[in-house]
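Using the sequences and the hints, build the whole thing.
Sequences listed follow chains H and W, in order. As numbered in the numbering used here, the first sequence has no gaps in its residue numbers, which increase by one up to the final residue, 424. As numbered in the numbering used here, the second sequence has no gaps in its residue numbers, which increase by one up to the final residue, 424.
Heads up, a few of these hints could be off.
Per the computed footprint, the stretches of chain W lying under chain H, defined by three or more beta-carbons under 8 Å from a beta-carbon of chain H, are [what the hints assert, rightly or not]:
# : segment
1 : 16-30
2 : 190-197
3 : 205-211
4 : 282-292
5 : 347-360
6 : 388-394
If you're looking for bench data, these hints aren't it; they were derived computationally from the structure. Cβ coordinates follow ideal geometry from the N, Cα and C atoms, glycine included.
2 protein chains.
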Amino acid sequence: MNAEILSIGDELLIGQVTNTNAAYLGEQLSLLGITVRRVTTVGDRLDDLLQAFTRAWDEQEIIITTGGLGPTHDDVTRDAVCRFFDTDLVEDAAVCDDVERFLAERRRPMTPAHRDQAMVPRSAVVIRNTEGTAPGYHFSRDGRQFFVTPGVPYEMHAMMENYILDQLREGFRSARASLTVLTTGIPESTLSELLVGIETLCPGCSVAYLPSPTGVRVRLTAVASSQDEAEKRITELQDFLLERAREYVFGADRDTLEAVVETLLVERGLRLAVAESCTGGLITDRLTDVPGSSRCFDRGFIAYSNASKTELLGVDPAIIEAHGAVSRETAEAMAAGARRAAAVDVAVSTTGIAGPDGGSTVKPVGLVWIGISSGDGTHAFPHYFGGGRTRTKRRAAQATLDLLRRSLLGLPLHPSTSGSIP
Amino acid sequence: MNAEILSIGDELLIGQVTNTNAAYLGEQLSLLGITVRRVTTVGDRLDDLLQAFTRAWDEQEIIITTGGLGPTHDDVTRDAVCRFFDTDLVEDAAVCDDVERFLAERRRPMTPAHRDQAMVPRSAVVIRNTEGTAPGYHFSRDGRQFFVTPGVPYEMHAMMENYILDQLREGFRSARASLTVLTTGIPESTLSELLVGIETLCPGCSVAYLPSPTGVRVRLTAVASSQDEAEKRITELQDFLLERAREYVFGADRDTLEAVVETLLVERGLRLAVAESCTGGLITDRLTDVPGSSRCFDRGFIAYSNASKTELLGVDPAIIEAHGAVSRETAEAMAAGARRAAAVDVAVSTTGIAGPDGGSTVKPVGLVWIGISSGDGTHAFPHYFGGGRTRTKRRAAQATLDLLRRSLLGLPLHPSTSGSIP
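Put into structure tokens, the structure is as follows:
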């Protein structure tokens, strides 16, 4: 069963907006065993929409469009579907009620543009919008399914979860299994050397490496004659991978390193404090993205100025004077000071040169010292992350969380392949 | 001049990776006046690539592909371009040197997979990779330009900036101007009501609203017979917009609210501290994304536990006891305490219920109190951001930075349309 995702909107073509909707839809359809053959993005032009609708309708069995349903004049998707399915607009009382209730809850006034959203194509099944005002539509003809959704991500997600996925699930099953193994601290090329032979381990299996600045994800896929067999093959691949690269693996699929670390802390009954200089709050931001993070995360110190390192963390000014703010000694004093000031079990610290200025030959832009202090003592390690301010922040935050993971699991604190992660 | 962006990789179709490359390329091409007619994403399958190459070659004058050039076996783009352009591989000494130097700088070993990347299509111009190991290729035939680049964003960006944009610039000029005005604190529907009539203000102009959880961007575009005329029209549109909605406008195009706020602070010689509970470091993370943020940002307190609010910020436990950690009184005490503890001119604070748990009828999930303390006194304001933990964090961080902007500019501290921003 093949699908096409049609993303609609000038803002996508000119790069004002990144197409996260296609990624979400691709994942949801793949999980159902539906093959996404193509993602096509076109602008808000009636002719381009009609051409794209026609081609998708000729070639695919499932079509999902996103975008162009908003209350402003530049949205033409509703017009285009009316023409394509040769239907006109009719007022839908339920949608009208939905819009009124949605606005009332938010103490916002109803505008003519809102009222117009209750006008829907006569021959469509309406998909209610629980998160906004524009309804979606579902056309089903000649064995094909054509879903029309808004471009606002959470509105579209709600329609998928409340309606479209149920429609698609009926009748689909395929013997296919997959798992994405998440690694950090090892470059793609080194990892693929460690895993030589994995792709020929069993028939119908494939392995894809997905590198990012914070780690490499390894996607394992198996197709087999039965679901049991497909899952058995995934287990074989996973075992092979863990046997050769276990220390770099922090989770699978939707796991996040911050959630993994927090689970470890909670299991051990440990509380955490964080002292950040160059990462500027990114680590605590990630930690507090996890629901329930207050079970283990106590506080953070964003000790950006030198004075704040001394006042908040008790770092001796003589240490900064002698070794610099970016040094092993300062990183260690920050971690130990945070642990002491917050009276917690574990603390981590970062101090580095995020750039673009402030680098030198000895301490280049991208150098970050990462410290940890716990019952096992206080240690700090240097990382050379190369250029790019926000990329350096992201890599340093990831390496700090991974240092914490390694410490909690009793692994070597510094991965054998330090430095940059391509 | 029409272009197509061809994004290659199974990881894009199954949604493991979001297609940020297409957004970047769309923007870069649009800025040159090149019209991106379509973005097409296909998987790592030779036949699908050849089909997509053929269609793009038939229909467009400029084609840029990204992805599928990596060192692992699942990458087939090089094979596909060799077949499409009927050429074979030849070793390129310069690329070989590039790869060796790149790895040596990072103290990483050369693997056979790396060595293979020096094999390039004989009939292509090689595009050197300054950020990684896979080179790009440029084919120029029959008045068409076909560029092949890696999928790793910063590698592709460097190739664009160092080579491809220069190639494209030759001979393109068009009388087109555009400006994206950035607003926050006002919903799309209210903003479009305020701006009724803007789209018919002058001929050849268009206006697009791009809403996001943190604000609405308004893209103004003008096409005219001369560049001067196009820019004059943009100025007319911008003046109209500012006259009706000035207080919500914080910048244009690539501006960020954090950079705008820091410029205002530096201009006034003021230093800032931040006390965050529910936003968990997101505000300081954004502030420190700006190069040179240490000129005005002194420190942050991530006061997550109640004890830390008292110990770091001097919040009287009796206030938390009487009014709760999420209250006007606590938010004000946090802001005033941060200003005092850091001995700075201005401090802001957040305390809220990010969810998913912890809400009540009186204090629902999504309620965030945002405080500010400066020479003008200490104030706090409630915001109801609705559901979604990370979305609430993002909206609260944006509203806090906007409160700071409003305070620094002497605007009303609370926008007239409070509450949710659709």
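TODO: Any hints from earlier that this structure breaks? Give me their numbers in increasing order, please.
DONE: When the structure is compared with the hints, none of them turns out to be violated.
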